[in-house]
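Residue numbers (our numbering), protein chains in the order written: chain R, 1 to 198; chain E, 1 to 221.
Source of the hints: derived by calculation from the structure; they are not laboratory data. Beta carbons: idealized from backbone N, C-alpha and C, even for Gly. It is possible that part of the hints are untrue.
[As the list claims (entries may be wrong)] Residues from chain R that keep clear of chain E, each with C-beta distances beyond 12 Å, as calculated: (1) Val26; (2) Ala27; (3) His59; (4) Ala61; (5) Gly73; (6) Asn76; (7) Asp100; (8) Gly110; (9) Gly126; (10) Pro142; (11) Leu158; (12) Gly170; (13) Pro184.
[Unchecked claim] Label-pair ranges, simulated between beta-carbon atoms: (14) R:Arg98 x E:Pro114: 22 to 28 Å; (15) R:Arg13 x E:Gly159: 24 to 30 Å; (16) R:Gln112 x E:Pro163: 45 to 51 Å; (17) E:Glu87 x R:Ser124: 27 to 33 Å.
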Amino acid sequence: MPRLEVHQLVVSRGDRIVVNDLSFSVAAGEVLHVLGRNGAGKTSLLEVLCGLRRPDSGHIAPQPESRERHWIGHKNALNPVLSALENLEFWAALNGERIDDPRAALAAVGLQKAQATRPSGQLSTGQKRRAALARLVAAARPWWLLDEPLAGLDVQGLDLFAGLLAAHVGGGGAVIVTSHQPLPGALATLRSLNLSAA
Amino acid sequence: MSAAGAIFRRELQIALRRRAEWAQPLVFYGIVALLFPLGIAPESPALKTFAPAIIWVGALLAALLGVERLFRADLDDGSLEQMLIAEVPLALLIAAKLAAQWLLTAAPLVIASPLLGYGLGLETGPVIVLFWSLLLGTPTLIFTGGFAAALTVGAPRAGLMLPILVLPLMTPAVIFGGGAVRAAAAGLSPEAPLYFLGALLALSLTLLPMAAAGALRNALG
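With the rest of the complex left out, here is chain E (with noise of 0.2 Å):
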């Protein structure tokens, strides 16, 4: 097995272990998407322009719950300075952990997206762009939010400072995700933000696990 499967495996091994921890995210983000009919009125028509920032600030908000925790147990632990001294390059294994961490907690948020945006009043046309922007969005949030973890490993109140960190790095992809849904929702295309949004998430695949990399060492260097 490659040291980037190894480490996918472990991820998925010990959250299924913790299946709390992992479910969180999940639990809150329906918690938030159907709370918010009910503070509305359902019946409103609003609800229809509201639901894609809805959905996307839920999602963002529950990409932000697990972040904290990414790299905190392997520092505790030990394993995150065997891993600064492994023969693999530490970025791959960082990406592999953030593609564990996002399979474990937004891609069921991707799945269950579709529902909750027929439920929030949004016709086939956007939810099918509702799903796709968080399809190519919620990588990005997740592998912002492991850099900004990286980066705040090592401080004694990174909870308090990494939404404050964070929070500017993941807008963008809450702009181009709900502007995507809204074009869709106003007949226009949304082709446009959809294009940003794979730009954001090439970026972030290709630059975010080196410059984390680069945190961790500093961190623990």
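Next comes chain R alone, as it looks inside the complex (with noise of 0.2 Å):
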């Protein structure tokens, strides 16, 4: 897997500038854990990666494809009338991925057979949330790059997610997060960038 090298990447909304002349890179087996206040262009910057988003410049090599990057961003895309689940294959199956045990892949992220099978919109934020992770998990992509994936887990949600994110970059994944908050577990290849100190 190729590095990932973003140079003087410039991001607007609207007419205001949220990310201004941002470089760095990441490698295969790191983790870049992306701080900053309220605004700061967390959000876009991962739009941009994602491919949501142009920038206004700067550029970004290589691009990660659609087939090669997971992204979840604030909302967990999970109808509520369909359970999750239902959710999941569905998204595998648009993706063409083949999931062997869609059950298993909910059952990682904790969310047992009575939740995996009941309307996604009667589980609580966390169990949505969590729901939306079993995504990462269903379908192997080396990129995951994840906006807020913490909001709403509890103490067991996070330890889960430490060891996702582990098991991801010890099998050669790379990670870039963005939250508030620091990154649970411990994790020798954590790099931070502050875009408030950009």
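Grab the two chains, each in its own frame, and use the hints to assemble them into the complex.
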């Protein structure tokens, strides 16, 4: 997996520049923790990296392809009428991925059968977040772009997330994650990027 | 399963659990078509003249009912953003979504149309033309509505803007659809308006999903 190089990136929202002349790189096996105050441009940065937003200038090489990256934004992409299991199967089918055992992916994020099969609109905030994180487990992709993935997670959820992160980077994947709080677990390959200081 | 198949199946799954939502246009359509004769007088010969317009305008209004919600739920829960960055072309996903919408809300109207046509005093020839005109024209109504829904997806008062935006775009389908049935009822050939409906259908199916994809990218980008 090639190193991701971001060079002199400028991103604006409306007439306001939220990311200005930002450069960094991330290699396989690394976790980049993007910090910053509200409005510092963390979400905009991830949206550019995942292809949802175009930068004003600068370049990203190589831009992770759809098939190579998972992006989890502030919203969980769970249709409230469908269960977590049905939502997971839908996203896999839409992306042309085959999941051998979707229930196991949901169990890996702590959603047991009863929670996985009820309409996801009836799940708690933390359970919905876990259901979104199950997409990371279900289909292996080298790049994880995670925007505030810890929102709503309880202590067990944080431990579980730490485990997912460690396993992913241990297997040669890379993660760019935004969060206001310190990331759980102890990762030797953790680096921080503070957008408020940039 | 292909991406288009996945989204088509998902729309049907959601609709099956929200029966009231997709049954609403059919019920609305039935009410419009059944109340009109009472307003005019059931035995009036004028009813036969108005029948094509009643059925076509009813179909247009019924198609408008569900259109505003087309992308709203996907926007609210974050699915739309994921679809935007998926490997599959967004236009294909939109086309599949609109095809499911047609199957759920317009296909029952098409199937029910002969019954309504006979009920409003049309004879067999015009009823057959009515069926074909709706079969050709309702996808145009749904795809046009889908494009307008994509244009207004982020707008705060989409419910108000959408009909204003969409009615001029849907009007040609109503003119040619009603015209085909009127021609058949007058003993003339309905081929020309049906061909026009076919042309509108071809344009709608090929261009509007791409235009809607552009509108969604613009709204979320």
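Each hint, compared with the structure:
Under the 12 Å C-beta cut-off, the non-interface status given to valine 26 (chain R) relative to chain E holds; the minimum distance is some 19 Å. Against chain E, the non-interface label of alanine 27 (chain R) holds: every CB pair exceeds 12 Å, the least being about 23 Å. For histidine 59 (chain R), the condition that its CB be more than 12 Å from all CB atoms of chain E holds, with the nearest at approximately 18 Å. Residue-level check passed: alanine 61 (chain R) sits 18 Å from the nearest beta carbon of chain E, beyond 12 Å.
Residue-level check failed: glycine 73 (chain R) sits 6 Å from the nearest beta carbon of chain E, not beyond 12 Å. A Cβ of chain E approaches the Cβ of asparagine 76 (chain R) within 12 Å, the least distance being about 6 Å, so the stated non-interface status is violated. A cut-off of 12 Å between C-beta atoms confirms that aspartate 100 (chain R) is not in contact with chain E; the least separation is 15 Å. With a closest Cβ-Cβ approach of about 21 Å to chain E, glycine 110 (chain R) is found to remain outside the 12 Å limit, as its non-interface label requires.
Every Cβ of chain E is farther than 12 Å from the Cβ of glycine 126 (chain R); the closest lies at roughly 16 Å, confirming the non-interface assignment. Every beta carbon of chain E lies more than 12 Å from that of proline 142 (chain R), the smallest distance being close to 15 Å; the non-interface claim holds. With a cut of 12 Å on Cβ distances, leucine 158 (chain R) stays outside the contact zone with chain E, its closest approach being about 22 Å. Every Cβ of chain E is farther than 12 Å from the Cβ of glycine 170 (chain R); the closest lies at roughly 26 Å, confirming the non-interface assignment.
No beta-carbon of chain E comes within 12 Å of the beta-carbon of proline 184 (chain R); the shortest separation is about 23 Å. Taken as a hint, the range 22 to 28 Å is violated for the pair arginine 98 (chain R) and proline 114 (chain E), whose Cβ atoms sit roughly 44 Å apart. Between arginine 13 (chain R) and glycine 159 (chain E) the beta carbon distance is about 27 Å. The supplied range of 24 to 30 Å therefore holds. Taking the beta carbon of each, glutamine 112 (chain R) and proline 163 (chain E) are about 46 Å apart, inside 45 to 51 Å as hinted.
Between glutamate 87 (chain E) and serine 124 (chain R) the beta carbon distance is about 32 Å. The supplied range of 27 to 33 Å therefore holds.
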